[in-house]
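> Line by line, the protein sequences are chains A and B.
Counting along the first sequence from 1, when you hit position 69 you're at 69 in UniProt numbering, and nothing is skipped either side.
Counting along the second sequence from 1, when you hit position 513 you're at 513 in UniProt numbering, and nothing is skipped either side.
If you're looking for bench data, these hints aren't it; they were derived computationally from the structure.
Since the list gives no way to pick out one identical chain from another, each pair is judged satisfied if it fits inside one copy or across any two copies.
Calculated lysine-lysine pairs in the DSS-like style (CA-CA distance at most 27 Å, straight line): (1) Lys508 / Lys331; (2) Lys335 / Lys225; (3) Lys508 / Lys576; (4) Lys225 / Lys331; (5) Lys496 / Lys576; (6) Lys180 / Lys335; (7) Lys569 / Lys496; (8) Lys508 / Lys469; (9) Lys335 / Lys283; (10) Lys180 / Lys190; (11) Lys335 / Lys222; (12) Lys180 / Lys250; (13) Lys508 / Lys569; (14) Lys569 / Lys473; (15) Lys222 / Lys331; (16) Lys5 / Lys84; (17) Lys147 / Lys80.
Every value quoted in this text rests on a predicted model; they were computed, and no experiment measured them.
Protein chains: 2
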Amino acid sequence: MAQYKAPLRDMQFILHDMLNVENHYASIPAFAETNRELVDSVIEAGAQFCENELAPINRSGDEEGCQFNDGEVTTPKGFKEAYKKFVELGFGALSAPVEHGGQGLPPSLGIAMSEMMGTANWSWGMYPGLSHGAINTIEAHGDAHQKEVYLTKLISGEWTGTMCLTESHAGSDLGTIRTKAEPQADGSYKITGTKIFISAGEHDMADNIVHIVLARLPDAPKGTKGISLFIVPKFLPTTDGGVGTRNTVKCGSIEHKMGIKASATCVMNFDGATGFLIGPPNKGLNCMFTFMNTARIGTAIQGVAAAEGSFQGALEYARDRTAMRSLTGAKNPEKEADLIIVHPAVRQMLLTQKVFAEGGRALVYWLSIYNDIVQGSADAEAKKAADDMMSLLTPIAKAFLTEVGYEAANHGVQVYGGHGFIREWGMEQIVRDTRIALLYEGTTQIQALDLLGRKVLQTQGAMLRNFTKVIHKFCQANEGNADMAQFVAPLAALNKEWGDVTMRIGMKAMSNADEAGAAAVDYMMFSGYVTLAYLWAWMAQVAQAKLAAGEGDAAFYQAKVQSAQFYFKKILPRTKAHVEVIDGGAETLMQMTADGFAF
Amino acid sequence: MAQYKAPLRDMQFILHDMLNVENHYASIPAFAETNRELVDSVIEAGAQFCENELAPINRSGDEEGCQFNDGEVTTPKGFKEAYKKFVELGFGALSAPVEHGGQGLPPSLGIAMSEMMGTANWSWGMYPGLSHGAINTIEAHGDAHQKEVYLTKLISGEWTGTMCLTESHAGSDLGTIRTKAEPQADGSYKITGTKIFISAGEHDMADNIVHIVLARLPDAPKGTKGISLFIVPKFLPTTDGGVGTRNTVKCGSIEHKMGIKASATCVMNFDGATGFLIGPPNKGLNCMFTFMNTARIGTAIQGVAAAEGSFQGALEYARDRTAMRSLTGAKNPEKEADLIIVHPAVRQMLLTQKVFAEGGRALVYWLSIYNDIVQGSADAEAKKAADDMMSLLTPIAKAFLTEVGYEAANHGVQVYGGHGFIREWGMEQIVRDTRIALLYEGTTQIQALDLLGRKVLQTQGAMLRNFTKVIHKFCQANEGNADMAQFVAPLAALNKEWGDVTMRIGMKAMSNADEAGAAAVDYMMFSGYVTLAYLWAWMAQVAQAKLAAGEGDAAFYQAKVQSAQFYFKKILPRTKAHVEVIDGGAETLMQMTADGFAF
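Full structure from sequences and hints, please.
Encoded structure:
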């Protein structure tokens, strides 16, 4: 089985050569001290932790899974110990605010860390990952007392957090949740209801668990405008910040899942549990929306992780396994067969994984640069512009990267042939683990509607134009560059087509809203391929500049350019199919009666 | 969890309305007695067995898996009993020759039975499925004594069979196998070596297991021309056909796999085991090729099974689960949300599953009509033509249908949202079980090379023209039919493009063989989409004729036409992308050095 190696060279290429994060951080007062040396030392320390502590317990965690026994959840062997080390090393507090014990580093650096953790062991990373949701909620909407009691403990990692949204009848349709919150004389609330699919809802890794719960007040309006947010701790805190009385929230069972088996997915029963209102009443969903983008970027990372992890595994195998002869004559005549990396079909799979892993990394890191601005900048206009850009790109990153990450994971299995189906090689686990990424935090279909409906059509294309202008400027800036013509010409054409396709959908949707619904998923995939084309063109341009200047490792930059060429020649044609499907319209989807689907 | 219902209405549409099997069987003397009534009674009895005996132990079989203990394998609860019933009901002998106890029914009827068994419980179906391989081998190449001793027991189902090909270093590259066969004074051989991935290699369902083993004689030439075929029974038969001495072949372990967990995948250790040469020495691979097509059609069925099973599950859920409102206004105003089948994106997934399930069924059944001719016809010319057609279409059916079947299985998970990831719903099992179909019996990549290299380019396009002529005639025959223009025009254009694309690849491959390798997978997928377009156009034509004549259930035929419309509008555009990828050539695949893939 391939051992995870953090792709430090590629991470540094993106952070430094491409995004020039040192300059970027310097432009935001809050992060001005984060220089290149600090960036590199943080990611190198992170890489060591992920390679040495998390990767070795990834497959054993999958085999062992979480154990449930009368309300208690036991995590697999080594999980608790790795978490203890994680807390001691301060990794959980990397990009948390200094005033509550965090290190105050830029969110983008936390994203790089998340990618490594996620690739090494996605299940394990779910536990601290969920704490981020609780941290963000309390930081944004908690009062001073709530911050003092909960935030410090969550940031230090002594306690972990959850997000309790879903109920068995209500996934993305949160307007229909039924969990009740009854006000008590002391200002607290009694929370009653059952939540499902609660990641890290119960476990043995921390002293306390802080649940952020969506519930309805007695007089709440129906639907999404009647939902409030509550803090419900597993143990009520004592006045000195310790762990007090056990609250009446209990894990009823854990799910048996296709993958991420070491991540406890809990049914949580709230039985008149004591909770504390956070944020204004009935504004719970609005409060959640404020950091939904970061949660979705967190899931987008799973796509990158799946592509990177499966690429590493497949590449190791392809450079080691022999089968058949090259079609152009034996490359390894002294052995009875050639290495499978000589075969074009194997290379096609490896390169597909590679361009999704590296392109996806570039997209997520670039997006997180905007997040730094939203989180850290004092310039309201810059914040607004960055937030708009994130709003457009986040559903693309989430849906597109998890879809192509899943494809890449499947290529990893395929490169191994029959061995890919066998658990010990670890390739099939990536497929199983990453399948959830297309479902949670809003399915691909929900993201696609968010992109096309809310972000593009509802803004009359304004949000899209923000980005197509960026691409247009890039194309203009590289117009005279002969080496870049191979990328600029098709990118410019697709950029124009993006606008045209949008216009055509918009026109049709005006008379029939189902036209937007019918187009949404293909539109999202089209948008993803164009977005990644922009990032690959950008990376090629950076690499070509380095080659021209004779700077750095020429072989590395050469491979970057070749990867971009592969992406443009062999991946980008998929946009053609998506456009034609979009133009195919809604009729053939909608005309069949529900009874007509089967007889 | 959705219960499997055999899609009898659709099966009958294909068998009777479309393929008119009664006439077809009547034209082959060996099968002339198989009339419509017999066909329907066989598939109805088969449906009952699959629905009532196999489907109920599908998920429990996955949860329990096979148990290995010191060479013995225990199958999951109920597997043995279901097998006993299967044997008693004579299902294993359906299309086996009458002279050895079979019922002598046409192979195509056996295929319909295999589809139902496979959809109800793929793992279980592997046990009798592997017997087919052994039966075919002994029937084609065994001597009279071997047929008498082994064939009758295999056909009755008292014994089961295996195919022992793969070794740990050699999957599809069988030329490099190392298992040895040493001749003994009594005419038998001592077989020594280790085989892996042996399905049904050891189990508790039958009295004896007949292994068909590929091995090398001491003086065998190197490579594929030095492989011979042996019968190695688990127990040596007694002179009266009973079970005698235990042979020195033993199961060393079973694999832990992603899916088909109830199918025992065995490491088989042959330790000087007694074997009997079957067929001529050193011609083992040739002997195997004679029925490779049927084995691959057997795997193609797994694609159909995955599409059908996941479609049934997803459709049931989509007609029951509510979430969100229709984009065109509430369809279910008295409830708090609409059924998810109102959403275009859900319909897109359901219809994709549906057209792959029904189109794939049509392809496999149609192919098996040619197989009937190859197996049963006395007309040498008709046999040759049918064999040529099968040779071209089989790698397409195997690779394309398993690829799109896997896609359909994933849509099944997606329709369920987060619940799709949970084992109890059964949708994720279909994904895990069917993932193997893209790997065994030759991966997608191997099939693609077989199609483009051996079948198309090596025959200078002759085999392809056999089929494009069929499509051309169909288009001509329907030229004047206004209702058919929507299908005929795009089909005719694609049919022409198929030839053009082939020509372009052929030209490039003449100077660089890697151009064929680089094009192969996309060419295979392109071929699959065109093949299915032909079948959907054909089905639409049949349905339209029934509608015009006012025969039968109009709603059923209407839905068929609508499904064809969906396929042409929403699936067929994918061919555009494949053509452009093919034309993108080999350069971007081959230019990167093996070292350049990662740094």
